[in-house]
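Asker: With chain A held as given, fit chain B onto it using these hints.
There are 2 protein chains.
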Amino acid sequence: MTERKGAKAVWVAVDWGTSHLRVWPMASDDTPLCRIDSDMGMGGLDPSAYESTLTALLEPYFTPGTALDVICCGMAGSRQGWSEAPYATAPCRPPSLDLATRVETSDARLNVYILPGVKQHDPADVMRGEETQIAGALAADPGMDGVICLPGTHTKWVSVHSGEITSFATFLTGELFQLISQQSVLRHTLASGGWDTSAFEAGCRAAIEAPQALANALFRLRAEALLANLDPVEARSRASGYLIGLEIEDMRPRWQGKTVVLVGENEIAQAYAAALATQGAETVLADAEEFTLAGLRSARAQIT
Amino acid sequence: MTERKGAKAVWVAVDWGTSHLRVWPMASDDTPLCRIDSDMGMGGLDPSAYESTLTALLEPYFTPGTALDVICCGMAGSRQGWSEAPYATAPCRPPSLDLATRVETSDARLNVYILPGVKQHDPADVMRGEETQIAGALAADPGMDGVICLPGTHTKWVSVHSGEITSFATFLTGELFQLISQQSVLRHTLASGGWDTSAFEAGCRAAIEAPQALANALFRLRAEALLANLDPVEARSRASGYLIGLEIEDMRPRWQGKTVVLVGENEIAQAYAAALATQGAETVLADAEEFTLAGLRSARAQIT
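Chains as they are written, first to last, in the numbering used here: chain A, 22 to 325; chain B, 22 to 325.
Hints in this document: simulated from the structure, not taken from any laboratory. Positions of the beta carbon are idealized from the N, C-alpha and C atoms, including for glycine. No incorrect hints appear here.
Covered stretches of chain A (in silico footprint by chain B; criterion: 3 or more residues with CB under 8 angstroms from a CB of chain B, positions within the stretch not fixed):
#1 139 to 149
#2 182 to 194
Partial list, derived from the structure: chain A residues whose beta carbon lies under 7 angstroms from chain B:
#3 ALA234
#4 PHE240
#5 GLU245
Just chain A, same shape as in the assembly (with noise of 0.2 angstroms):
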């Protein structure tokens, strides 16, 4: 994204996830100026931090006089977070901006709204940023009848239907693949990088086959690396079919005869999209920051 010179910012679209914060300074014809990035995440960050983080983040953008309205979604809105937003009920629509939380500022020149998430009683389950990227989705497709997954360190998987999030369900898949090859006795089996896409889909077949096996699967990497030399990216990529595998598998009633949007174009994304592809499923990859800001920008336009 390269930044517009001379424009002004009319709005403010924010992501504030855990480890992340994303700021797009929105032109009068709902373009983002530019994207900043900063690792001010909610996960670092005190409540009282939140708000002179942003103020210094936006100081070019503010015009005298003037008020931003500032539409945040993501762990900002959690207990931890700046201020909490609640959760809407699934089944629900993504919620809308009548249900979210205004935030009190010292600074006039911020209107801030954070979004709330969704939850899901039964079984549990939360999201806090995601159902903005389905709301972002849905003013793509108002339609849409499917199944959208949000790879990531907790992938999610969010059945669509008439406009509604109808049910969902969140994987530590991840995370555990990051714990896995950092922390655990193979970190020194597997490569911290490179992929074998031979492998990484003979790991989810395998774990298709005997999900139950996981744990002695991973041990066995360990013990062909000691007596076999395994190739450290063929045990990376293993490894990380073993738990997709698994994920893939569970999700199966979801995703069976439907096409899985797949938000997200980075190495994790693709690798759903190929274990997927290993039982037959197919995918389409969609742009996870565009998602994004359709789901601020469906915000904003509530604003009256």
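Answerer: The following block gives chain B in isolation, referenced to the frame of chain A:
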């Protein structure tokens, strides 16, 4: 174990693992004078430090002019350990002393033998230390025909027939539980101790019914904590049940119709017994230290 004053050490039994070192100076009647526990495990030791670590602990037990036989099992025999001891290949009898590595020491008061581990080629697996406990089990019951489970950070299931280790399988289960409960986003959801048997059993049953749901079931604990104040001890017990249940299910063909000998009397062994009981399997708990000593004793008896 009460220390016996006055009696002399004739030989020394040693279990040198990754994180622990256990040393038993043995009397002429093959019973231990005492047990010395140390945290000088293989994981933190330079190869040059093994001899001095051992002589410092044994100083009170040397008899002038006499060398002590030291029979060692465990990770001290790994490539990164004191001196590499080869692996025997399963199916095989637990390795005897003639396969042991003699370690050159500069201190003439030590005659050090390190017992080999056991490897398996397909599926790849390795053990170092457990084979000596199996030797101990077979010393007590030479006709044993069944399965021995050695619960721990890397739990092993060993099938035994006609005095041989016929095959075995190692699981990363214990390490996964540690990482999840101490390092993941669930560290605030799971209590650091405490036990809820019915939650553990429910976790086992859920994992056996839907092993592929592991990463979702784990995240659900966090959601239940957020939305329904799930009790941290209940969460911990259910998480442990998911992981151990998965393993039990994978090992079903090995234990079905047999009595499982569980080596250990600690909380982990009790959990495995409870998990197996949910599936109608019978277990007997055996004393791990007794098995280790019996195995080392058998090896020592082979010195001619």
